[in-house]
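Number of protein chains: 2
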Amino acid sequence: MTDTCVKDIPAHLGKEIRLKGWVRNIRHSGKLLFIIFRDGSGEVQAVAFKPDLGDDLFEQAKRLTLESSLIITGIPKQHQKLTGSYEISITGIEVVQYADEYPIGKKEHGPDFLLSNRHLWLRSSKQWAILRLRHAVYFAICNYLNDHGFFRFDSPILTPNACEGTTTLFELDYFDEGKAYLSQSGQLYLETGIMSLGRVYDFGPVFRAERSKTRKHLTEFWMMDAEAAYVEHDENMQIQEGLIRYVIRTVLDKCASELKILERDTERLRRADAPFKRMTHAEAVAFLQAKGSGITRHGDLGAQDEVTLTADSDVPVFVERWPKEIKAFYMKRDPANPDLVLGNDLLAPEGFGEIIGGSQREDDHDLLLSRMKAENMPIEPYQWFLDLRKYGSVPHSGFGIGLERLITWMSGIHHIRETIPFPRMIYRIYP
Amino acid sequence: MTDTCVKDIPAHLGKEIRLKGWVRNIRHSGKLLFIIFRDGSGEVQAVAFKPDLGDDLFEQAKRLTLESSLIITGIPKQHQKLTGSYEISITGIEVVQYADEYPIGKKEHGPDFLLSNRHLWLRSSKQWAILRLRHAVYFAICNYLNDHGFFRFDSPILTPNACEGTTTLFELDYFDEGKAYLSQSGQLYLETGIMSLGRVYDFGPVFRAERSKTRKHLTEFWMMDAEAAYVEHDENMQIQEGLIRYVIRTVLDKCASELKILERDTERLRRADAPFKRMTHAEAVAFLQAKGSGITRHGDLGAQDEVTLTADSDVPVFVERWPKEIKAFYMKRDPANPDLVLGNDLLAPEGFGEIIGGSQREDDHDLLLSRMKAENMPIEPYQWFLDLRKYGSVPHSGFGIGLERLITWMSGIHHIRETIPFPRMIYRIYP
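Going line by line, the protein sequences match chains A and B. Be aware that the first sequence starts at 127, since it is given in my numbering, and climbs by one per residue. Be aware that the second sequence starts at 127, since it is given in my numbering, and climbs by one per residue.
The hints are simulated quantities; they were obtained by calculation from the structure and are not laboratory data. Remember, it's a predicted structure, so these values are computed and weren't measured experimentally. Do not take every clue at face value.
Because identical chains share one entry, a pair is satisfied inside a single copy or across any pair of copies.
No more than 30 Å apart at the CA atoms, straight line, and that leaves these computed lysine-lysine pairs for BS3-like [what the hints assert, rightly or not]: (1) K339 with K305; (2) K176 with K516; (3) K232 with K516; (4) K516 with K133; (5) K207 with K157; (6) K141 with K305; (7) K516 with K157; (8) K305 with K499; (9) K233 with K207; (10) K233 with K386; (11) K188 with K232; (12) K339 with K157; (13) K133 with K188; (14) K133 with K403.
Chain A on its own, in the form it takes in the complex (with noise of 0.2 Å):
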């Protein structure tokens, strides 16, 4: 007898083996009792024959509920009907514990409700299912950068000052220094990293105390930054193409039944591993005034923008080479256009929006400060980062990804919310 899990049955079929986990689902009918056991690799329906069993065993077997946590011998065979399942022929039971009535059923429950027993509601296959995808893209994202040179460097949480504005921070008291404030992004700190590692990333928990509520807001997530010496901005480019690609190929390969739970489109997908298209922002403005759009030439891209410029594309699309107005202070100006800057946003497709924002960073000195001071930031809490202009400044880039909104493009569902274990959002703390 072998102890195993699910996942690994093919390797065991007409063996005695044993597995241990849960009741996803149970009926009986006469001498027979079927059960959807689950262990966290995987699904499986498990028969129980009663004069195999005996009737006191069989009888237990019988009072299983949903939920309950048991440990089932049996020997796993192909299933009569459908190719690439198993099932198993109980040789015998031991119940762990018979669960209480399990709150979620097979009823529609409204997403409050499915919220506040997240813990629970974490169990069912579309969440299970996402949570896979969320581990194979997070290790996806840092595969590629590893192969590409980057070296992780973990920006702070605990910051004395604000990357974009305060107005959308989180604040505490930190001991005797006075205030601090949760990170929104590691960027400004990666800065000071590739000048000893040379390509740096962080991944890790940001937050934005915006009173958002939308499908695509979440008040703490997980955000991957990463930059580059020597990269300017259309290598910068080439790189998040090059990363976006791999991850959708890397969730195609590994993640086939996870995203069969989701019914995603894989063909959508697998379309857009294809060279990306690229569109200046005059560009983009043009075509969606041509469609109707109120954006001005200054204009940022609206909710509506987004979804015109990718409802028809096979692949992500860049915006690129933005008005200097509407961006941040830190991007480099166009050489070609000093009214633009070297920033660009990536769209994904189907009308989904915005999944990565990058640009080439500003390293001269004088005109960053210059710029700081147009935009009424305070300088002295700045001072390291202007520092990193004064000795050894070089060209460099970068990009940063939410991990929840690549999530939620590439598993096709509804609702940011899905995407991580325990969201957090303006009216949701708890559990």
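Since the structure of chain A is provided, determine the placement of chain B on it from the hints.
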């Protein structure tokens, strides 16, 4: 001409290459100029010969200061004296920026000066080596867990309640929902994840608002918590041992040059990759009392006790089966002795002290509840945690590793503050 980086020089011997980086050091002697060149991937000596460069360029190069940024072209060859080292004959130099006089020189600086200039200090060889070691340790932990059936499960940072007490928590206002606290550990949340995925871990920043000022404390540090369903106390320790031994092997294998820069005694590290010692808390107390410690039968290990227990050990030491009074409420009672819990600490050798804390968890609803009441804990905020014992409770165990303590031990450095890019301590939140 090939664009490459210092670490890939061996593949280009005798051919002209281009490297982009910074001046680590520079000196000249007559018609020769010696530059210690670094580019993030490594360091190499580059030599310019005046007749080759021409007078103008040679004079420009002579003016290069420490940390100036530059692009060199040249031909790499084996170093004449040092095997495994290379030297570049410079054919061209492009100065990117002459650096201002670099504030970190060759003289000794105090820690406060270095910490205030952390954004620059990160470039020094030793800091570079620690950062790369951190990257290696981080992914060694992930890879081991991923290969053993664990999935990432990011627990929340913003929490409505405290894991262990509230005196050392950072507190903030969460919209209209009242107070929120920064997480000290994701462990309780991970226990929800095992019911879905079987085995899970998180790996992110945690926060302790402790007024501790020792060389082993950070306010913000990175913690890996792992949790596994159907894993009991002994197997839990086996997983910990397997993981730490894998990390040791990986670091010895991948970080030879970093360990050399850090002057780490690698032989001692190598000897730690052997079966770990195990002793009960009672055995540890007896041993320590015999050595003169004032520790009592129900006492926690003091810092000096941890030194005494491991100073003469080649391998890490497990101390297990602790008095329940000094361990957390969620630890499972020892079936052989209800005064004890199935918890373990793992102490690194060389007198270093704790690197892991772990335990089997209490899986019985009523026992857990009575334990919480005995500790005067509020019940309602933990209702979700108690629920896990109602709906398919299973035996389960887990453990936590503080990344920075592990790195401090493995790198052999004195103070934990150097193991994280921007350390946060009681008197330090800048830069």
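Requested in this report: Taking the numbered hints from earlier one at a time, note which ones the structure violates and give those numbers from smallest to largest.
Outcome: As far as the earlier hints go, 6, 12 and 14 are violated by this structure, in ascending order.
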